[in-house]
Structure formats: structure tokens, C-alpha cells
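K.L.:
Sequence:
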Amino acid sequence: MPKIHYFSSGQKAVTGVAHQTLITLFGIGLVLASANASAQTVARAGVPALQTSAGGARIPDSMEGTSASMSDMPTVGSAYSLTSDASRIEPASYFPSAGFGSRATQSDPCYGGCDVRWYASYEALWLTRENDERFSLSLNSNLPDWDYDFGGRYTVGSMMDCVSAWEFVYAGPFDWQRSASVAGAGVLQSRFFPHGGFTAANVTGFNDADQHVQNLSAELHSFEVNRRWHSWDALSTMIGFRYIDYDEDYVFQSLKAGGTTGFYADSLENQMLGGQIGADVLYPVSLRGSVGFRGKAGVYANFEDRSTYMTNEGVLLLNGGDDHVELAGLIEGGVIGNYQIVPSIRLTAGYEFWYVPGAATIAEQTPAHVHPGAGFSIENESDLFLHGGSLGLQVLF
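If you're matching positions, the sequence shown starts at 824 in my numbering and goes up one per residue.
Since the hints were made in silico from the structure, they are not lab data.
All values reported here derive from a predicted model rather than from experimental measurement.
Check the hints yourself; a few may be wrong.
Said to hold, decoys possible - Okay, the calculated beta carbon distance ranges per label pair:
(1) His1147 / Gln1012: 29 to 39 angstroms
(2) Tyr1066 / His1018: 35 to 45 angstroms
(3) Leu1139 / Leu1170: 50 to 60 angstroms
(4) Trp941 / His1147: 35 to 45 angstroms
(5) Phe1126 / Ala947: 44 to 54 angstroms
(6) Ser1004 / Gly1156: 29 to 39 angstroms
(7) Asn1142 / Tyr1162: 48 to 58 angstroms
(8) Ser1167 / Trp989: 12 to 22 angstroms
We put the beta carbon where it would ideally sit given N, CA and C, even for glycine.
With these hints in hand, go ahead and build the complete structure from the sequences.
P.N.:
Structure follows, in C-alpha cells:
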């Protein structure tokens, strides 16, 4: 028991350091993103052209930008002196030939108009979940590994000017399923370990059974609202808010001769809400293609909720739950590639991972330990790790 205690304490210490480090990195990234945003949206007024006059003679407009001879230039008379010089330098006041109703020296990075006002993209995502591979409450079977599940990422953005945009992103729905069933005439045993007031008599419906059926499902949805600053085909940075809904449900059923049954159900909800920062860095490899990296990091308040229900041979043993708020985080990254079919349409592809520390999972709750207080607490020291590939299409208009 001391070794278990020391390991648990060390694990909690490492998790605490990881959470604190994530918060520190998020703060540093927030400052950098804000500085970059300010740098990209600062007014980019051009250096005004100059008008000169010498001795009251102004350079003719017709000579600007031409190769006129020096003989056509206005000259200064022989009576000119510094004490009587009336020359002056002042900003030019000119309009472009097309005429947009504002001066070219106006502090507008989008002077002359922008071709892109909106952008939208769809990416097909195939993600799988790692960890908890050997989780099972039956001694006679294990749940299979998590499989890849198909979902999507939908992005719609509105350009506020040629640099900044507001965008909405939804990823999901992802629905992973794991199930196992095993049969044996009165030989199947469970992993339940009754203690704290419960004895072997409280789990008879799960032992010496004829059939064990298990099912573990997980579901994920992600919503984002971001302010993004674009430098097309080179760099884009963002800052925003994100909501992640991650749920797990587990059911274990046991059947014996004569209709005797055992039933156990455990349900967990993780509703994470917080801020995030991120960036996409791209490097052109041809006139139409580019490759690069994509990354996001966030810190969230995790609103957790758990409910547990257990019966043995028709007798209710557990029916409770818990809810509280804990700290969670997210690190999302991956490699991406773009290929421009036409100026307004691009193909995208990549591979990415999502790392979510501080999420509560069924396996982390150690449901095999059955006692009167089981199900009335939540452990959220597990890490959620997802990864998979993407293929999509982006349209600019």
C-alpha cells in the first residue's frame, strides 16, 4: 500500500506541474498573439510624396513620372537669395486614377479594396482515441482498442479588412464505440473488488455467470469563436474562445442461469469552456502548393458531472453521482498542406493530434472498487489523446 500511495502522490504532483506549466505557456502565448495582432493591424500609411516650389514656380503635374528634359524645369532667377526664399515643402494631396473617394495616404491597410470578404472550409476528420486499451470489468474478456471515427471540421470566416477576420469553427460529431461479449456456462468472473461495507455477497450476479456484455462509448463536439489575423500563404495567428463537450458512457451486464442478473452503469460529462491562442505557419513549395504547421493551446474550466448506477440480483446497490469544476487544457497541433486549384479554391490535407489534460474518463474512476460511496466522486487526472488525418476544401469569396 505505501508504494501505491507514493505513486499516486507523485502522479498528482506531476499533473499539477503540467497544469501550471500549461497556464504559464498560455499566458506567454496570449501576450505574443496580442503583440502580433497589434503589429498586423497597425495603420500602414504610405510616405507622402512631396511638392516643391522654387521661387513660386511649381513642378508641373504633367512632368511627374516622365522623362522631361532639364530645359523644361522651372529655374531660379539670378535675384534669388536665402533671405527672400519663399519655398516650402508640404504633403501631396492626390487621388488614384480609379478614384475611391479617399486619399492614398489614408491609414487603411486595405486601401484599394480586398478581393476576399468571406472564406469557408470543410475538412473530413478521422480521429481515434488512445489510452484505456485494456479496460474491462470482466476477467474473461477485454474491450477492443479504440477505432477511428469519421467527423468533420466546418469553418466560416468573415474578413473585417484585408488582415483580420472573425471565424466560427465546429468539429464533430465524433462517436467512438467499444464493445465485448463473452459466454461460458457458469465460469465467468468479474473484476469487482467489494470493500468498505460491501462483500462478495453484493456482487454474486456478476460472478459464476454465463454471459458478460460490455459497452463503452465516447462522444466529442468542439465549438470555437476566434479572431484571426491573416498573412495569406505565410502566417496567421488567432485568439478566441472554445467549448468542448466530451462524454463517456459505460454499461456492464451479467447474466446467469435462472434469470439472475447484475447491472452496472457509469456516465461522465466533461464540458470545457475557456480561451485559446494559435497559429498556422506555411511555407510555399511551388506556385500552387504550400506546407506547414498548425497549433493551438488553451486553458479551460471543466464542468464535470458523473452518475453511477448498480444492481445485483435485482437489489439496488449504487445510485449516486457528483459534479464539480476543475482545470483542464488543450494542446492541438499537426502538419498541413495546401494546393491551390484556382485562386479561390484550395485543397487541404494533414495529420493532427489533440492532447487534453484534466479530462475525466471512466477508466480513471477505478469502477472495479465497489463500496457504498462509489460513484460519489470524480477523478480527472487522466489525459485524453486523439490523433488522425484530415482532407478538405477551402473556398474564398
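K.L.:
To test your reading of the hints: which numbers does this structure violate?
P.N.:
5
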